Amino acid sequence: MSYKSTTIADTLGKLNKSYFLPAIQRPFVWETEQIVRLFDSLMQGYPISSFLFWDLKSENRQSWETYKFVKNFKFGEIHDEKTDASEDDDITLVLDGQQRLTSLMIGLKGTYTVRIKNQRKNNPNAWVQQALFLDLLKNSKPDAEEEDYFEDISYGFKFYDETLPPRNTATNKYWFKVADILTCHDRDIYDDLHDNLLEEAGSLSREQKKIFRANLDRLYHVIWNEQAISYYTEKSQSYDKVLDIFIRANDGGTKLSKSDLLMSMVTLKWSELNARDEINHLVLYLNNELESENNVDRDFVLRSGLLLSELDFLFKIQNFTKDNLAIIEANWPSIKEALEVSFRTVNLFGIAKHNLTSLNAVMVIVYYFHKLIELGRLDDMKNDSRNLESIRHWLGNALLNGIFGGQAGVTIGIARRVIREEISSSYYFPGNQLVAQMTLRGRSAEYDPLAIEKFLGLNYSKKLGFVALSLLYDQYDWLNVRFQKDHLFPLSFFEEEKLVSAGVSGNLIETYIASSDRMPNLVLLSRDEFIEKSQMDFNVWIQTREDSFFTRHLLPTNLSLYRLENFPAFIKHREELITVRLKEFFK
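Using our numbering, you'd call the opening residue of the sequence shown number 875 and step up by one each time.
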């Protein structure tokens, strides 16, 4: 294998002109800190690993979807602009090195847009377009430490707002926009730039001038003179060989998901639609454009495509045959619709990215809605209150009981069979039948004594706490009203000193504290309820609640139980009410 070397400037000049990306590549994912580290490594003379290119002949261009390197990157978005080069031209595809080359493109030609902390993503003012700058007065020696740089970084690279670049003052910092070094395509231009910058910097000490020159000279040398890009170019036009090379080349880096490897196959074999665009945009839409944020990935979408097309849905390469992919493409409109309505429904229950512990549980709901689409009954059933409650109860039980742990494929297969059998006689979601079948195979979704004990033992901090609590309530407007977990008896009551002062005996103090954070002391409150409770004395607040409040929250109505000395009796009574509720679910 013969490697060649070239400069960064030479390579950048070819990106998006003759160098492009194959559809098999994952999107750009590096953060600004990783880009800074790459430039710092180059400045320090460290190797940045080799690159793998593939020369694609013009006669094979129609078999490959190709994309541009992103120049102006916005964090959280998928950038997939297609190549605009003529199909009559030979081009070179990058099989290994996309993240590094894109980082060089952003640092030397483009920008990186990030969201301001604590700002909503749909606020246009929340986003800042940043460019890469280098502090020419930063001493790069190892013993030079400054708090505003990443640890173990020697050179002063940093991203700043492009429209409001950092001010250069005489306070030991001089910020130079790194992209400007690309204007120096010969030594004379560089010398003029160097002199102009030095004059602009004003009064500098001899040591500062030395550091200034060293940093700028080093940057110029790294970009224009140093053979920093070591690459191998594959010439074979065999798809199988190139795919094998790609897998081997990427095996040592960030682990590729199967969807990364399959994306090229799907894209090549879909005849009417562009799989990469369709799937990437659907993932982005489901995660960011619905009422709540979700955490769907391409693997889930591809597996759903197999399942909803009534194919073998095990996530194996051999299941993505040309014939199977043609079936998925034909079903794609209904697959997209089923996925969207399923995640809208799940979000309606207050279940989303932060507390959805199993995507496989949602896949069963997706399959059910897809069956309704096939039967022309989706509009009748997707908003039916009884049906939604059945789905909510089953999903909550499935998540809390972890029925998709282990061999999830077998569990999904059983659920698919049950839904196919039951939907022929009833369009309602078959929650009871699913529970029965899961229980038969040892995946209990019922609330037996062991499951109830586990439920009651959940504490406030558990990820499933909200899901568990939501099952205790009748229909709530989960989407339009935001509910939050809260301790009924305030946690401030359970500080040891306060318990002693309240007359709680020493042997009960530990019991009080342990019970204070468990499910029987938790409720779901609306924002207004939460604020009112926090602003009032608890004893006054609880006395002013209406009967409907106690009924809604499954709380005992005996107000004497809300005195701190009666806390153990309150816990016991609430546990009984919760147990009755759980046993009623699938009666």
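Honestly, the hints are just simulated from the structure, not real lab data. Be aware that one or more of the hints could be misleading.
Below, computed lysine-lysine pairings styled on DSS-like, alpha-carbon distance capped at 27 Å [stated by the list, open to error]:
| no. | residue 1 | residue 2 |
| --- | --- | --- |
| 1 | 956 | 945 |
| 2 | 948 | 931 |
| 3 | 956 | 1109 |
Owing to the predicted nature of the structure, the values given are computational and were not obtained by experimental measurement.
Results for each hint:
This hinted pair checks out: residue 956 and residue 945 have alpha carbons roughly 13 Å apart, not beyond 27 Å. With a CA separation close to 32 Å, the supplied pair residue 948 and residue 931 exceeds the 27 Å bound. A threshold of 27 Å between alpha carbons decides the hint, and for residue 956 with residue 1109 the separation of about 23 Å falls inside it, so the pair holds.
Of the numbered hints given earlier, the model fails hint 2 alone.
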